Amino acid sequence: MKAITAKDVTYVYPDGTVGIVDATLEIESGEKVALLGANGSGKSTLLLLFSGLVKPKSGHIEIFGKKVDKSNWEFFRRNVGVLFQNPDDFLFNSTVREELLYTPAQLDLPEEEAIKLANEYAKTFGIEKLLDKPPFRLSGGEKKKVALACVLMMKPKLLLLDEPTANVDGKTRRKIVEIINSLDTTLVIATHELDLVPKVANKVVLLGLDRRILSVGGLELLENEDLLEKAGVI
Amino acid sequence: MNMELIEKTAKEASAFFQNFFSYEVVGSGFLQKIDPRIKMPGLIALVVASVSTFSLEKLILLLLALAILFASSKISFRTYFSRIWMIPLFSFVIVLPHVFFTSTGIEYALLFTFRVFLAVSFLTLFMLTTRFSDVLYTLRFYKLPDIFVTILSTTYRYIHLMFCELYRLLLARESRRVRELGSREIWRNGGKMLGFFFIRAYERAERVHLASVARGYDGRTKVYGKCFKLTANELLFALLICITLAGWFNA
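So the protein sequences, as listed, match chains A and B. When we follow the working numbering, the leftmost residue of the first sequence carries the number 1, and every step to the right adds one. When we follow the working numbering, the leftmost residue of the second sequence carries the number 1, and every step to the right adds one.
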């Protein structure tokens with residue numbers, strides 16, 4: 001089954017900035033895909049489009065066969081998990097515990113189940129001691145872990161991660177990579193870190209500086225220095 | 001006028017409010033254990049009592065209740081004082097002209113400040129001992145209009161971000177200043193910075209909104225119904241409030 005089908009997708013931000021141009025892409029269920037590109041190449045925009053949070057200006061997107069539409073809002077929120085690049089945008093509750101319980105409450109998950117899940121994921125991410133702390137008092141790495149735990153808790157069928165290992169120390173990075181690798185969900189990860197790609201993905205989508213998809217392929221794309229240079233990645 | 005002082009004040013104020021609005025529940029004392037459905041009306045009654053009188057006896061009685069509640073909540077004096085000092089001081093400055101125009105001016109100014117101090121203190125006690133989600137739950141329990149609760153939760157979410165953003169901007173501005181600026185230049189740059197601040201705050205708010213929608217927000221912040229229980233603590237608290245209010249009416 002196709003997890004993502006995007007055809008001739010163009011997105012322009014309200015201020016007129018072009019986000020992505022004519023993107024056509026298919027991602028199968030269970031695939032681990034890295035969106036690789038320089039800063040401003042449209043990686044985050046593509047993730048936003050795949051999450052159903054914004055609608056393309058032109059073109060067509062389907063996630064698990066469902067259009068980005070108000071009527072499919074609940075389907076998207078239950079099945080698509082998005083991690084934003086800046087965890088400060090993502091965490092807005094008064095304690096880490098409330099962060100973990102936010103989405104389950106919004107989606108009317110029974111309280112007992114939500115608490116059980118929150119404790120389980122707090123343990124997995126090693127954030128049990130932070131549960132009663134306000135998120136804004138955490139370090140950058142801790143914020144990333146909390147944000148990722150919030151997303152993974154809902155066991156999304158499609159996971160969209162925007163630079164999950166940016167601005168974190170080596171230990172936290174290893175932990176995040178380890179957790180990402182343990183998932184059997186469809187994964188799309190936006191990054192400009194070349195060394196991260198083979199660790200988490202088996203397919204590469206290379207975005208060019210003109211905000212168009214430059215190439216799609218396997219990990220062998222990482223060997224093509226000319227192409228990577230053209231994309232501004234190296 | 002010392003322009004650096006204005007900038008420094010803006011920076012300090014943004015740092016102060018950044019922490020003021022994003023509090024965390026501290027300690028594990030008596031008040032922290034009280035069911036917020038009992039605690040909220042109890043402390044609001046004391047706030048109303050504080051601002052409804054100029055009688056020194058009544059205010060001293062309320063101060064006694066405050067002292068008992070403060071001691072039993074095991075909050076450090078430093079944490080507590082750092083949150084309350086500014087507002088009574090500000091109110092004293094506001095009411096200061098009375099001292100010069102009326103014969104009982106000084107008495108009025110002191111009593112006014114005392115009242116403000118008590119009201120702010122009770123509210124601060126409530127804030128420092130009650131999680132924000134419990135506050136929302138309690139407001140919903142008392143059937144306050146949903147739009148009011150939603151506005152409150154949204155304001156809480158954004159106000160901290162706004163002061164964070166302002167603080168960062170002021171720090172960035174300070175770090176890039178290599179020479180002393182003239183007054184005109186400072187005002188001009190300040191205006192530019194203010195405009196920039198609004199744009200950044202707006203963009204940040206957009207991103208936070210998108211993130212909350214991604215996490216299931218549909219225009220209404222839902223919280224789990226708390227399993228609060230009425231125990232001896234709640235009875236003791238209610239008794240303290242009743243005794244204080246009875247004393248207040250009879251004083």
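For the record, the hints were derived by calculation from the structure and aren't laboratory data. Note that the structure is predicted; figures quoted are calculated from it, not measured. Glycine included, every Cβ here is placed at the ideal spot set by N, Cα and C. Just to be clear, a hint being listed does not mean it is correct.
Computed list of lysine to aspartate or glutamate pairs in EDC-like fashion (alpha-carbon distance at most 16 Å, straight line) [as the list claims (entries may be wrong)]:
| # | chain 1 | residue 1 | chain 2 | residue 2 |
| --- | --- | --- | --- | --- |
| 1 | A | Lys129 | A | Asp108 |
| 2 | B | Lys222 | A | Glu220 |
| 3 | A | Lys203 | A | Glu223 |
| 4 | A | Lys55 | A | Asp108 |
| 5 | B | Lys222 | A | Asp15 |
| 6 | A | Lys57 | A | Asp15 |
| 7 | A | Lys70 | B | Glu180 |
| 8 | A | Lys155 | A | Asp132 |
| 9 | B | Lys8 | B | Asp218 |
Among the chain B residues that face chain A by a calculated CB cut under 8 Å, a handful are [to be verified]:
| # | residue |
| --- | --- |
| 10 | Arg157 |
| 11 | Leu210 |
| 12 | Val223 |
Which hints from the list above does the structure break, by number from lowest to highest?
-> Of the numbered hints given earlier, those the structure breaks are 1, 2, 4, 5, 7, 8, 9, listed in rising order.
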